[in-house]
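Peer 1: So you can see what is in the structure, the chains are spelled out below.
Protein chains: 2
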Amino acid sequence: MPQTILANLRRFLAANGESALVVPSADPHGSEYLPDHWKLREACSGFTGSAGELVVTADAAGLWTDSRYYLQAEAQLAGSGIELFRLGVPGTPSPWAQVAAWCQPGSRVAFFGQLHAHAEITRQKAALAERGVTLHPISEDVIDDLWPERPAPAAAPAFAHPDALAGQGVADKLTHLREFLETEGADAHVVSALDAVAWLMNLRGADIAYNPLVVAHALVTRDEAILFIPVGKLPDDVAAGLQTSGVTLAPYGDFLSELDRRYGGGDDRRYGGGDDRRYGGGDDDAGGARVWIDTETASWATVDRLRGARLLEKPSPITLFKAIKNTAELDGMRRCHIRDGVAMVRFLKWMEEQVPSGRVTELSAAARLLELRREGERFVGPSFETISAYGPHGAIVHYAPDQASDVAVGTDSLYLIDSGGQYLDGTTDITRTVCFGRPDAKMREHFTRVLAGHLQLSITSFPQGTCGKQLDTIAREKLWEAGLQYGHGTGHGIGAFLGVHEGPHAISYYRCRGQALLPGMVTSNEPGLYLPGQYGIRIENVLAVVPDPERTRPELSFYMFDNLTLCPIDRALVDVRWLTPAQVSALDEYHRLVRATLLPHLEPATAGWLMDATEPLAK
Amino acid sequence: MPQTILANLRRFLAANGESALVVPSADPHGSEYLPDHWKLREACSGFTGSAGELVVTADAAGLWTDSRYYLQAEAQLAGSGIELFRLGVPGTPSPWAQVAAWCQPGSRVAFFGQLHAHAEITRQKAALAERGVTLHPISEDVIDDLWPERPAPAAAPAFAHPDALAGQGVADKLTHLREFLETEGADAHVVSALDAVAWLMNLRGADIAYNPLVVAHALVTRDEAILFIPVGKLPDDVAAGLQTSGVTLAPYGDFLSELDRRYGGGDDRRYGGGDDRRYGGGDDDAGGARVWIDTETASWATVDRLRGARLLEKPSPITLFKAIKNTAELDGMRRCHIRDGVAMVRFLKWMEEQVPSGRVTELSAAARLLELRREGERFVGPSFETISAYGPHGAIVHYAPDQASDVAVGTDSLYLIDSGGQYLDGTTDITRTVCFGRPDAKMREHFTRVLAGHLQLSITSFPQGTCGKQLDTIAREKLWEAGLQYGHGTGHGIGAFLGVHEGPHAISYYRCRGQALLPGMVTSNEPGLYLPGQYGIRIENVLAVVPDPERTRPELSFYMFDNLTLCPIDRALVDVRWLTPAQVSALDEYHRLVRATLLPHLEPATAGWLMDATEPLAK
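Chains as they are written, first to last, in our numbering: chain L, 1 to 619; chain A, 620 to 1238.
No lab work stands behind these hints, which were simulated from the structure alone. In this text the structure is predicted, and so the values were computed from the model without any measurement. In this text, a Cβ means the ideal position worked out from N, Cα and C, and glycines have one as well. Hints are not guaranteed to be accurate.
[As the list claims (entries may be wrong)] Simulated crosslink set (DSS-like; lysine-lysine; CA at most 27 Å straight-line):
id, chain 1, residue 1, chain 2, residue 2
1, L, K314, A, K933
2, L, K125, L, K314
3, L, K125, L, K39
4, L, K349, L, K442
5, A, K968, A, K1061
6, A, K744, L, K314
7, A, K744, A, K933
8, A, K933, L, K125
9, A, K744, L, K125
10, A, K744, A, K658
[To be verified] A few chain L residues that face chain A, going by a derived Cβ cut-off under 7 Å, partial list only:
id, residue
11, S461
12, F462
13, K469
14, W480
15, W609
[Said to hold, decoys possible] Which bits of chain A does chain L cover? Going by a derived footprint, with three or more residues having C-beta under 8 Å, they are:
id, segment
16, 678-692
17, 910-922
18, 1052-1063
With the hints as constraints, model all of the structure from the sequences given.
Peer 2: Next comes the structure, spelled out in structure tokens:
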């Protein structure tokens, strides 16, 4: 099947005089997770990893992926004739650099206009021009012909996210957005990121695995708000509600043509274009409309339809609106974390009882946890694929068990479970590392050094203006002291019944782009440690940024974190020698909170288990 | 005098049909400190602060400066008709935005082509074009006419920095640089930053206050190295030495015309230009030369002379070569820090004896310290203007005493002295905060919280790839805990008998651009705390980055810091309640090092003082 599609692709290239095609892992919305309809790269390479880019020429093909997927890609590409390029290995060319190496000067290279960010294409166009290679957009419509059994577009119905949970109605959100447009002198704003559309329209759906999102675009002008959504997706009452809030509905497929009609310049170049564009001025000028769009994330095709407009190239303000949760959203996050904590406590108790029998495997454990989450109210589904990993599997950061890899959870090593839920009132993400037997001294030291960073970050107060990159270090100091390190960030933003990963903030030495942490933001706190062949450790809670009234002075505000996640941390793995007194108090205080909050929701046997699990260390 | 120059400027603008002129605080080399010859902004505004930009139109003028200089600028601009714009105050327009506000659409705005970075002009050109305003370069030659008493160009003779101190000869440095040119496919590299020229040519001078630099440009091609330097600057033997190393000497004034001759494209556009430029290719192509230049720092005029070349727009590799000190440079840095420590110890003992008399002032203390530094071998001069600040003056971060502000150093508050020396074998930068009376509990808590951060950073081991922004936090945690903060970075790079500020690394939450710290780099470690109206605290040592053999494993290297600065820290200000046991040990260990290293160089009375000052806290 992959070979068929690959052959189709090559025939298409030959017929159109193109020397190469780049097939990214992408949809027209810049999504992290893809609807099946857009898994073309997977379909024509056979490689199922979440990250990977394919380049196809008449006689060569390459797939680029990162270290998480080296082994999987080797296995899945074997015999395909597709060469594996290992991103992150020094000397590995980028896909675009390899395109240039494979093509003669004078070659034409094709790309799907909706599947690459405009800024990426602009940069690559310039770089390839140096080699005499030109880039040409092709329409995604051809994919249907190239891919015989292409899955249909996602067809799950959309549903309303009630104002009581969203904390703000759509009309209010549009008014607020328009204030920003006015301040920036923008006439319109194009929104294609699915979580931004969902947030703005108080709409949820099930078009993408793990993410309660709906495939749609939005265009907001000073007096219109158009939602481009597949016909039939919206139940009548939801459609009516949106219309009452001032939203016009349009077919999903009209998005690009409508942009073109309004901002393309047209034949009469009504809005000016070319050189005139530079002189288009303020409100009273006759120049083109000023459209706010983030060319770093918007697709090439989208930006191309704005030829007649002047662009305000900045990240969408919705990213920040969405990241700063209001009271209703924070309340919802707190409530769903109680239900999630109840499921986790029942799960850990069950594991403690069942693991010694030797019959619990990584997969059956994950299934049991899902069952327990389903017992909670408002549960919709997992927020990402569960990492249930025993022993050496825990050292593979993005491990997820399958039938082939599944092993029994034992009592000799460490068990790591990283999972989360989508609830109608919020999103959770929690990791616990547990030993069901007797941990040795090294395991306890390693676990406690990770815990020290986790606790220290959770009790840190920091001044306004501090960004996540600055805080990332705090979770690492106790590991660095012992010559240890982990290769991922310490925290990512989390949506309110939206994606489990969201920006613009990140507690990360590499992902943070300088966005200061602000009250209402929600972040994970997940330091770890990975010893290949032995075990992995990660301890993850979700935190909310809140004001710190005690330290705030008139001239300088301080903020601190509030733990949303409620689940005990394995005390048997703690060796207090590696904790400061403040960290010991922080753990005891956290366990008091977990106990007090969850106890009323637990049946007697589980309540007893929780009492034991949350006993203070300091007596 | 400023009014005369301003009037001349306006006449010049009127005569040339220009609506405005921007006068930055700059020279053609992007220097931090300016030779007097280039202090045009100061000469035509009367404002003497080190940072400030002037905009002049026919009937308006504005000066932009930052919070360090608000008061000084207000005083110096009073009655000048020049409006003060306070950078950092919300709503303050940038100078360029104000230019656009002052000028009608269709206006021409002039700038000095050598005094602005090319990238800055490119950005402003685009922004001003939106308002219908165009930018036009003017030659710096007109400054002589506009400024009647303009100081002559700096005329101090240059001298050789011996290979024994530089650790690498010029010929070797050129070979190494050319390897980088080859790797990047560059045919030539333009060097205008004065410290880069000085490093590359093993040349020092005295053209700029506090900086042992020579005004010169360099051009390095695959087979030539041309030093553009004022005729007569080089003693014959130094000139001969450079020529032996493969350097061709050219008059300073020929720099731009020589670039133009080689890379300007000329009338016959020998190297191609316009559209052809995009297709110029590899070594065997007939396209233009590929010139490596950092358009973010190189002047507009310089880049303009490269019209016929293809540009490789990247920071100069010399910035990193220079930052990573070799063994000879590190040895020199260590040796000069011993002499600097001897001067500081004598100074602190002298202050302890003299201050109670009430006759020592901020200025006389600074003079005494300079005298003591002069007694040391190889001393050349101060590395920056000494900050000698008692009580509330210490809370002004960039305070330097003058006759008007000078006060007696007393015993009731804290005294802060931040100073450094240029030595033939290295550069120093040290801050100590001392109490010559009995500090109260609050002073001790504040001092010790700053010290905790200083010590914690100095004993941190960190993995390869860590950048300064990540480490900056470590120096702040103990302050944040008490709701305190300081508004500057924690560390800057320091040259080896070069500028006291150098990149590309910085231990700073805002200045660090992601450059990882590497063994051989040198950085300051200077957390502080400033209480307006009360006192300031800063504790600064110079550190070298060195390998950490104990923590390094085959798969991951760890680095740590080595203290170069040798001078006791005031133990009377330390309250051990605010230190961890590891920090107490670190201070004691540091004091043992200071004692052991300096003792052999001290006369008996000072040796006795040092013995007391370095007694361990933990007994």
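Peer 1: Next, verify each hint and record whether it holds.
Peer 2: Hint check:
For the hint linking K314(L) to K933(A), the alpha-carbon distance of about 24 Å falls within 27 Å, and the restraint holds. Taking the CA atoms of K125(L) and K314(L), the gap is near 21 Å; set against the 27 Å cutoff, the hint holds. Among the hinted pairs, K125(L) with K39(L) is consistent with the structure: their alpha-carbon atoms are about 25 Å apart, no more than 27 Å. With a C-alpha separation of about 25 Å, the suggested pairing of K349(L) with K442(L) holds against the 27 Å cut-off.
This hinted pair checks out: K968(A) and K1061(A) have alpha carbons roughly 25 Å apart, not beyond 27 Å. Proposed proximity of K744(A) and K314(L) is supported: the alpha carbons are some 19 Å apart, at most 27 Å. A C-alpha spacing of about 21 Å is found between K744(A) and K933(A), which places the hinted pair at or below 27 Å, so the restraint holds. Proposed proximity of K933(A) and K125(L) is supported: the alpha carbons are some 19 Å apart, at most 27 Å.
At roughly 24 Å between alpha-carbon atoms, K744(A) and K125(L) fall within 27 Å of each other, so this suggested pair holds. Note on K744(A) and K658(A): the hinted pairing holds, with a Cα-Cα distance of about 25 Å set against a maximum of 27 Å. Below 7 Å, beta-carbon pairs count as interface contacts, and S461(L) has one with chain A at about 6 Å; its hint therefore holds. For F462(L), the interface hint holds, since its Cβ comes within 7 Å of a Cβ in chain A; the closest pair sits about 6 Å apart.
Contact between K469(L) and chain A, as hinted, is supported at the beta carbon level, the nearest pair being about 6 Å apart and thus within 7 Å. About 6 Å separates the beta-carbon of W480(L) from the nearest beta-carbon of chain A, less than 7 Å, and the hint is met. Residue-level restraint check for W609(L) is violated (minimum Cβ-Cβ distance to chain A is 35 Å; threshold 7 Å). By the rule of at least three residues with a Cβ nearer than 8 Å to a Cβ of chain L, the coverage given for the segment 678-692 of chain A is violated, with 0 such residues.
Look at the segment 910-922 of chain A against chain L: 0 of its residues bring a Cβ nearer than 8 Å to a Cβ of that chain, fewer than three, so the hint is violated. Only residues whose beta carbon comes within less than 8 Å of a beta carbon in chain L count, and the segment 1052-1063 of chain A has 0; fewer than three means the coverage is violated.
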